[in-house]
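Chain by chain, the residues:
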Amino acid sequence: MKLGLVVDLDTCVGCNACAVACKQWNTSGTTGPLTDLEPYGKDPTGVWFNRIRNYELGDYPDNKTVHFPMSCMHCEDAACVTVCPTGASYKREEDGIVLVDQDKCMGCNLCAWACPYGARELDPEEGVMKKCTLCVDRIYDEALPEDERQPACVMTCPAHARFFGDFDDPNSEVSRLSRERGGEHLMPELGYKPVNTYLPPRNKPNIPTYKNETNPIEKVKDWVNRLVAR
Amino acid sequence: MHPAFSVIFFTVTSGAGYGLIAITAIYSAFDFSQPMTGAQTLMLSAVALVLITSGLISSTFHLANPKNAWRAFSRVRTSWLAREGLLAILFYPIVMLYVYLVWRGVDASSSTAMTTLALITGVWAIVTVFSTGMIYASLKTIRQWNNALTPVNYISLGLMLGGLLFSWLLSLSGNVSANLTMVASYMVVIAATIKIVYFFWIGTPAGPTINTATSFTARTVRLLDVGHTAGTFLTDEFGYQVARDRLVALRWIAIILGFVLPSLIIWFGLGEGDNTLMLGAAVISAFAGVAVERWLFFAEARHVVNLYHGAQQC
Ligand code: SF4
Ligand code: SF4
Ligand code: SF4
Chain A
95 MKLGLVVDLD
105 TCVGCNACAV
115 ACKQWNTSGT
125 TGPLTDLEPY
135 GKDPTGVWFN
145 RIRNYELGDY
155 PDNKTVHFPM
165 SCMHCEDAAC
175 VTVCPTGASY
185 KREEDGIVLV
195 DQDKCMGCNL
205 CAWACPYGAR
215 ELDPEEGVMK
225 KCTLCVDRIY
235 DEALPEDERQ
245 PACVMTCPAH
255 ARFFGDFDDP
265 NSEVSRLSRE
275 RGGEHLMPEL
285 GYKPVNTYLP
295 PRNKPNIPTY
305 KNETNPIEKV
315 KDWVNRLVAR
Chain B
68 MHPAFSVIFF
78 TVTSGAGYGL
88 IAITAIYSAF
98 DFSQPMTGAQ
108 TLMLSAVALV
118 LITSGLISST
128 FHLANPKNAW
138 RAFSRVRTSW
148 LAREGLLAIL
158 FYPIVMLYVY
168 LVWRGVDASS
178 STAMTTLALI
188 TGVWAIVTVF
198 STGMIYASLK
208 TIRQWNNALT
218 PVNYISLGLM
228 LGGLLFSWLL
238 SLSGNVSANL
248 TMVASYMVVI
258 AATIKIVYFF
268 WIGTPAGPTI
278 NTATSFTART
288 VRLLDVGHTA
298 GTFLTDEFGY
308 QVARDRLVAL
318 RWIAIILGFV
328 LPSLIIWFGL
338 GEGDNTLMLG
348 AAVISAFAGV
358 AVERWLFFAE
368 ARHVVNLYHG
378 AQQC
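Sequences listed follow chains A and B, in order.
For the first sequence, my numbering gives the first residue as 95, with consecutive numbering after it.
For the second sequence, my numbering gives the first residue as 68, with consecutive numbering after it.
Honestly, the hints are just simulated from the structure, not real lab data.
A quick note: this is a predicted structure, and the numbers were derived from the prediction, not measured.
All C-beta atoms, glycine included, are put in the ideal place defined by N, C-alpha and C.
Check before you lean on any hint, since a few could be wrong.
Over the 10 Å line for every Cβ pair with chain A, so calculated as not near, a few chain B residues [to be verified]:
| # | residue |
| --- | --- |
| 1 | A139 |
| 2 | L164 |
| 3 | I202 |
| 4 | V250 |
| 5 | L301 |
| 6 | N342 |
| 7 | V371 |
| 8 | Y375 |
Beta-carbon label-pair distances, calculated as ranges [unchecked claim]:
| # | chain 1 | residue 1 | chain 2 | residue 2 | range |
| --- | --- | --- | --- | --- | --- |
| 9 | B | I323 | A | R273 | 58 to 66 Å |
| 10 | B | D292 | A | K298 | 16 to 24 Å |
| 11 | B | L239 | A | E170 | 37 to 45 Å |
| 12 | A | G285 | B | L157 | 57 to 65 Å |
| 13 | A | D195 | B | L344 | 49 to 57 Å |
| 14 | B | I156 | A | L131 | 31 to 39 Å |
| 15 | A | N157 | B | T127 | 24 to 32 Å |
Bound-form chain A, shown alone:
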């Protein structure tokens, strides 16, 4: 199995609900707590497994705002695992999930240096590395109803922009979406083979905008048109 997420950049509205749900679930989960420093102070900071950034693509008027959630990509060629000297970081054979054994980590930060996607954050209080677990403590929990055995971020997304599944199964929803919508991987040139896949925004026509005409004849037509309209 090759478990991972699909994120639909067309529908994501950047509401940060996935980040909050992730924090809520995982802070009491197997790798919790997700320590916060000065949560009510001037410069609140803390551990998150999922962060959303906002970008502008292209230039006005052909521009678009894109909201960009990022968590661990559960890379197939995960250098964060190979550089770890203690063996605390590991990739599971059976489903490809990359995890940190909190009891073995010595907090050297080398795995965070090796990760291109900023997916690993050191817990300053506990001194160990933390990261997205793909909600390993939800997706296999037989006490949960079957349709809830999904990551917290996927369950909560109000725009339905996140999907979870097995990329090794060509008929899974994630494989199908990635095939049909031209799913992309981030920084493929580094060779980490990230599993998480991003669906690009659909190309929609621009909202028409008023153009200042430079052609004198068009200018006169334009002026007449506006006069008539008035």
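Place chain B with the ligands on chain A using the hints.
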């Protein structure tokens, strides 16, 4: 990258220590016209071991959870950090045996077995410094480190500091030939060449861009909002940035203190009699220069995660 004092101190000090022991052991293995006395070999090895050990101890200060440091040798198969740890630990019994035999009065160039032991000690020290460099060189996320010059730099600077220390300490105990100090100055020249090539090598941005980082390769991409109001682990660890002109100024300081002054001192400053003071000055200048160099090594490194914090190219 944030330049952490403990890591700068570790790499400079233990690098110099490994360089010194490598030169001492290899020099003692051959029958040169000006052999060292057993006492001198012991003194040089002792200084080297103090440098190496204090460096290694300081390297554990940057661990957030040092109580698990003993596990650091578990992943020797893939991790350069594990390899470095193992090489550093296994070095102790080897160098201790070498030092013990020298102390017992065995001349390192006298028997094949002792010559072999001295050579193993020397080569082991160099391989340990190589593995320190490989920790950085193996990171594909940092273009400035991910090249062959990184471990070569670590080795050449370690040997350079070791060579200068070697001449100075020998002059303290009475005899250092002009030939030996000349050899030390050649090491400075070689290290300088490699470092300057490195500065040119990392000059032009050539790494991943904000476009490949976000998969939008056909359009301009601008970061609008990072999504947090204060710093995060990622911005603290990777966001460190120094103004371009200050970096250039510091490069000059590193080159002048680290390479130019020590070679000028050796070429023009040494006289017939006691050169201890002048060689001491060369050593201090070189250490200061290499410390600045090591600070720059971190400060100039741009991790690709900065592409998610607004950088256009790394
Ligand atoms: S995204 Fe980073 S932490 Fe996750 S598997 Fe890839 S390299 Fe490792
Ligand atoms: S911080 Fe922990 S998990 Fe990461 S490389 Fe170091 S020991 Fe391994
Ligand atoms: S899969 Fe789970 S741990 Fe990973 S980002 Fe989603 S909620 Fe967080």
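Quick rundown of the hints versus the structure:
| no. | hint | in the structure |
| --- | --- | --- |
| 1 | A139 | 4 Å, violated |
| 2 | L164 | 26 Å, holds |
| 3 | I202 | 7 Å, violated |
| 4 | V250 | 36 Å, holds |
| 5 | L301 | 5 Å, violated |
| 6 | N342 | 42 Å, holds |
| 7 | V371 | 5 Å, violated |
| 8 | Y375 | 6 Å, violated |
| 9 | B:I323 - A:R273: 58 to 66 Å | 59 Å, holds |
| 10 | B:D292 - A:K298: 16 to 24 Å | 23 Å, holds |
| 11 | B:L239 - A:E170: 37 to 45 Å | 57 Å, violated |
| 12 | A:G285 - B:L157: 57 to 65 Å | 32 Å, violated |
| 13 | A:D195 - B:L344: 49 to 57 Å | 55 Å, holds |
| 14 | B:I156 - A:L131: 31 to 39 Å | 35 Å, holds |
| 15 | A:N157 - B:T127: 24 to 32 Å | 50 Å, violated |
When the structure is compared with the earlier hints, violations turn up for hints 1, 3, 5, 7, 8, 11, 12 and 15 and for no others.
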